[in-house]
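Fit chain to chain and form the complex, with the hints in mind.
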Amino acid sequence: MDIIVCVKRVPEVAEADIIIEESKKGIRTEDLVFDINEWDNYAVEEAVRIKENYGGKITVVTLGTEESQDTLRRCLAMGADEAIHLNDPIFLSGDPYATARALHAALKDKTFDLLFTGVQASDDGYGQVGPILAELFNFPHATMVTKVILAENRKVKVHRELEGGMEEVVLLDLPAVLTIQTGINEPRYVSIMGIRKAKSKEIRLLGSKEIGLSAEEVGVSGSLIEVKELFLPPVGKAAEILKGGLEEVALKALEIIKEKGGR
Amino acid sequence: MSGGIWVLIEHRRGEIREISYEMLGKGRQLAEKLAEPLVAVILASDSKPYVDKVKGYASQIMVVEDKQLEHYNAVSYQLVLSNLIEERSPRVMFLGHTSYGIDLAPRLSAALKLPLISDCIEVEVREGRIEAVRRMYADKVNARVSFRGRENGLITIRPGSFPAEVEAGGGGEVILVPSVLTAEVKARKLLEFVEAAVGEVDITRADILVSVGRGIGDVENIPLAEALAEVLGATVSCSRPIVDKKWLPKERQVGTSGKTVKPKVYLALGISGAFQHVAGMKNSGTIIAINKDPKAPIFNIAHYGIVDDVLKILPILTEKARTLKL
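As they're listed, the protein sequences go chains G and A.
All letters in the first sequence, in the order written, are residues 34 to 296 by the working numbering.
All letters in the second sequence, in the order written, are residues 140 to 465 by the working numbering.
Think of the hints as simulated: they come from the structure by calculation, not from any bench.
Since this is a predicted model, take the numbers as computed values, not measurements.
Please note: incorrect hints may appear among the correct ones.
[What the hints assert, rightly or not] Derived DEER-like restraints, expressed as beta-carbon distance ranges:
(1) Glu-280(G) - Pro-388(A): 31 to 37 Å
(2) Lys-206(A) - Pro-267(G): 43 to 49 Å
(3) Glu-281(G) - Glu-369(A): 22 to 28 Å
(4) Glu-281(G) - Ala-174(A): 57 to 63 Å
(5) Lys-261(G) - Val-337(A): 42 to 48 Å
(6) Ala-271(G) - Pro-362(A): 27 to 33 Å
(7) Gly-288(A) - Glu-281(G): 55 to 61 Å
(8) Ala-322(A) - Asp-114(G): 34 to 40 Å
(9) Asn-422(A) - Glu-273(G): 16 to 22 Å
(10) Asn-422(A) - Glu-54(G): 33 to 39 Å
(11) Lys-143(G) - Lys-252(A): 23 to 29 Å
(12) Asp-103(G) - Pro-388(A): 33 to 39 Å
(13) Asp-206(G) - Val-264(A): 40 to 46 Å
[As the list claims (entries may be wrong)] Cβ-to-Cβ under 10 Å is the rule here; a few derived chain G residues that face chain A:
(14) Glu-48
(15) Asp-50
(16) Glu-71
(17) Pro-129
(18) Phe-172
(19) Met-177
(20) Lys-190
(21) Leu-205
(22) Asp-206
(23) Leu-265
(24) Leu-284
(25) Gly-295
Even for Gly, the Cβ is constructed at its ideal location relative to N, Cα and C.
Isolated chain A (complex conformation) (with noise of 0.2 Å):
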């Protein structure tokens, strides 16, 4: 067997992630394009969860089985795909543009010299070659790149690109590879999983964030937010940028490293609109941005927006909900 369009499905604490469904629905609408087999790749100690998970979504699930492969380790599953895709030289394989894949896929790219197209939203087939459209630039710009001179490569996608797919009956004729790794793996060694700490706010519970970000400036300014949330009975949320610099704690961090949330209303104070932002409020009541870049890609979410400096609105906002006794 050779060619086929690759899936490998990510999985954590015998759960598959969300991503696996998205790459599973692209997935297919390539494989159709290009009439190449969609393989569903998983790699596992006891696959059989994941599998029957799986199986309606592509024509065939490729398995290897091991002991070491119980989670997701960068050693061991390169060893283990590696082989796979120099056995069997699939036309691309997906991975998902996540903890995993982004720590995984370079690798594999450089040791089997396989083109490697990270961080996609789209994936399309223009005269009869894949090509891929991922962002730049502070998700400012976008870029078409394709595999350069040659047919077969790896690409990771960005979650959220594409809606899951629903079970399309594949038919999932199961492969069984018998895997390759036959010493223990002993460079890398995954010792435990921590949980995300708990703190006393619980962001996820309210009907109204007021979230800041960078545009909030400085730390003397997170008050300002913290009296508007006070008027209007809401929540302080933020993006990233305001934990890296410890203005507020993880608990409150919106997005994919931190926590997903769907107020009634979302305030996106001086929030520039990264993905990983974006990914855990987009679908949130009401959002309304207030940013002075008007190419803030958090305007194309947004219901609502406002085009001027957080800091000058602030002040104003909260007097006048005080007015209004909001």
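Okay, chain G solo, but in the shape it has when bound (with noise of 0.2 Å):
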């Protein structure tokens, strides 16, 4: 089984202050912690244990400024086998169609099994990266994937998440695209140690030229659609925020519960 694994260096935001970029097109990273997205990490995980039990080969690809490179280390101590950076910065700001666009003729030549990609990203959160570099290949796909089984007469048997708990069984002719939904696995522990010794692993730079694609086909140029501008959210009707000691909030809270929970 041969997989390739797209995988995105994003920041964490989920306890940061973001701010937006004077030109409104971005926020500011300077002070934020990135790490490998956090679907693409499941996905990752997937195409490891899928290698363990039936053999094969894993390359993870990127696409980003030069700090991805850590990323493809995290993947390749993982246990991927290859790595390629999309490294051009005419690639950078892209949309998902823009970007996958690029990884496609990155990868066009490669034969693979299984593609998988994360459901989405936690910075943009588009999740169509992973449907389009279906469509780009041919090849039949599926979303929010929560089990992957691999069946005979090379087919894959996959479990999508739907709502409300419900999920469906799919069956998709190889070579397949995944996206992966978090909670497939257990993602496995990466030492510093598993990173460093990845470093002697070569890493594959692609830039615009190597993919065969004009400035035109990738970046902001080859997108379909366009950021006007951020802006932070307008804040709702705001809770009531309980202040004091930390005895004082605590009772507070418990006369709230009481009072509302008929306790």
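What follows is the structure in structure tokens.
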């Protein structure tokens, strides 16, 4: 089973203060901590588990800045065999279509059985690159995958997450493109030592020339949608914040629970 | 017929999904502003039950019937919709940002080279052009996005963004379009639906939920929440990351892919408030959120908030509740 996994390096924003750049096209990232996109981490783990059971080779691919190589090294430490970095600055700031197109151009001569992406990336959250890649390769796909079972006759059976805890089971011909949902497995711990060891593995660098796309076909120029501006969401009817020492706010909260909860 | 504001009606096992009515509501507003017809698009094997339900909501109902359209399938849906869109070029088509729309829309967009703005919470007309607002960076930033250099495109709508349309007397002229599916679709087959696992605890029946999120930090801290729940006579529930990490079973999960709950009191401990979670608990009687990030989206829907570390306040809450004999 040869598997390609597309990964992305993203800023962690859950507990960070977000400041929008003056251009209103992006956010300031200097003070943010970056890591592999959470969904992609599950996708890499799923690929490694399949490789451990069935053999084969895993190639990880990313499109991004120089620092994205940290993410590739992390994937190599998890068990990927090869890494490709689409590192041309003209690839940056593209929409999901432009991004998928560059990834496709870089991968189109490779043979593989499965291609994984995360369901979405935690930064822009479009959730589009996986299915677009499937269209460009003309392979069947399934999104929001919570279980992957290899079946006979070059097919794969996958569980897709639907709403309300329900799932559907679909059977796909191989090669297939799957977008992997969080919780599908328990991603392994990656030690600093492991990442250091992975430093000896080569990362293949590809620019627009190598993949045969012009500047018009990638990045902003190759995009189908346009981000006009970013802005902070208007504050809704905000919560009444309970103030005081820990004990004081605890007592206030319990008072509310008692009154509203009928306790 | 060309143009129109199209809404893809989403159905599963004979039931129209709520998102369809939410999209019809927004679609009507847009249709009026742009003086375009509102078109409900139904793909089904037997469309009648669905047509009867949405008839009053749209000016036209476009129907494609085919045995292979009984259930959603990415391949058959794409073939049929590509054909409809190419022949009739709608101004815009709405699809749900749901397990179906997420699966279908990007590929359809790439096949038709039609821009797709996904996961939108607002759609507006500005200087005669359609623009959408969507969330980024864990719902902390809004982005205004348009189709680049063209007028037509696809938009997926985040569930719960708009109120469901109440019947508006749309007329509902039915247009039957023949199916283009000739051969059996084989590349992707739906085998079965799997129902949500039934567990020992039904969180939808609790009066008080003590709900934990990522902020709980470690599986070893879950007993802190359980202790509080016990004193309060409450039930422990959680957000998705907790289930993903296998710290609590799936039956305890609140949200789009878990359960929808409506307790008298919902205590959100270290839950940031991602929309998938909020969709499952926003109708709770009273919501109290504890989170150390004052900008966490959960504070926008909570009635009361405490900005502090959950791990610090949890033991104190339990101890005080015990002394007060709540």
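Going down the list of hints, with the structure as the test:
Here the CB-CB span from Glu-280(G) to Pro-388(A) is close to 33 Å, well matched to the stated 31 to 37 Å. Range check, Lys-206(A) to Pro-267(G): about 48 Å between beta-carbon atoms, so the 43 to 49 Å window is met. At about 24 Å, the CB distance of Glu-281(G) to Glu-369(A) agrees with the hint of 22 to 28 Å. About 58 Å separates the C-beta atoms of Glu-281(G) and Ala-174(A), a value consistent with the hinted range of 57 to 63 Å.
Hint check: Lys-261(G) to Val-337(A), Cβ distance near 47 Å, so the stated range 42 to 48 Å holds. Checked against the hint of 27 to 33 Å, the C-beta distance between Ala-271(G) and Pro-362(A) comes to roughly 32 Å, which is consistent with it. Evaluation of the 55 to 61 Å hint for Gly-288(A) and Glu-281(G) yields a pass: the beta carbon distance comes to about 58 Å. Checked against the hint of 34 to 40 Å, the pair Ala-322(A) and Asp-114(G) passes, with Cβ atoms roughly 38 Å apart.
For the pair Asn-422(A) and Glu-273(G), the beta carbons lie near 19 Å from each other, so the given range of 16 to 22 Å is met. The hint said 33 to 39 Å for the Cβ distance between Asn-422(A) and Glu-54(G), and at roughly 37 Å that hint holds. At about 24 Å, the CB distance of Lys-143(G) to Lys-252(A) agrees with the hint of 23 to 29 Å. Look at Asp-103(G) against Pro-388(A): about 35 Å separates their beta carbons, and that is inside 33 to 39 Å.
Distance hint check: the CB atoms of Asp-206(G) and Val-264(A) are about 42 Å apart, consistent with the given range 40 to 46 Å. At about 5 Å, the closest approach between the beta carbon of Glu-48(G) and any beta carbon in chain A falls short of 10 Å, and the interface hint on this residue holds. A hinted interface residue such as Asp-50(G) counts as satisfied when its beta carbon comes closer than 10 Å to some beta carbon of chain A; here the least separation is about 7 Å, so the hint holds. Residue-level restraint check for Glu-71(G) holds (minimum Cβ-Cβ distance to chain A is 9 Å; threshold 10 Å).
Below 10 Å, beta-carbon pairs count as interface contacts, and Pro-129(G) has one with chain A at about 7 Å; its hint therefore holds. Satisfaction of the interface hint for Phe-172(G) is found here, the shortest Cβ-Cβ separation to chain A being roughly 8 Å, below the 10 Å cut-off. Taking 10 Å as the C-beta cut-off, the interface hint given for Met-177(G) holds, the closest approach to chain A being about 6 Å. A cut of 10 Å between beta carbons decides the hint on Lys-190(G): the least distance to chain A is about 7 Å, and the hint holds.
A distance limit of 10 Å between C-beta atoms decides the matter here; for Leu-205(G) the minimum to chain A is near 5 Å, and the interface restraint holds. Taking 10 Å as the C-beta cut-off, the interface hint given for Asp-206(G) holds, the closest approach to chain A being about 5 Å. Below 10 Å, beta-carbon pairs count as interface contacts, and Leu-265(G) has one with chain A at about 7 Å; its hint therefore holds. The interface hint given for Leu-284(G) holds, since its Cβ lies 6 Å from the closest Cβ of chain A, which is under the 10 Å cut-off.
For the restraint placing Gly-295(G) at the interface with chain A, the shortest Cβ-Cβ distance is roughly 6 Å, inside the 10 Å limit, so the hint holds.
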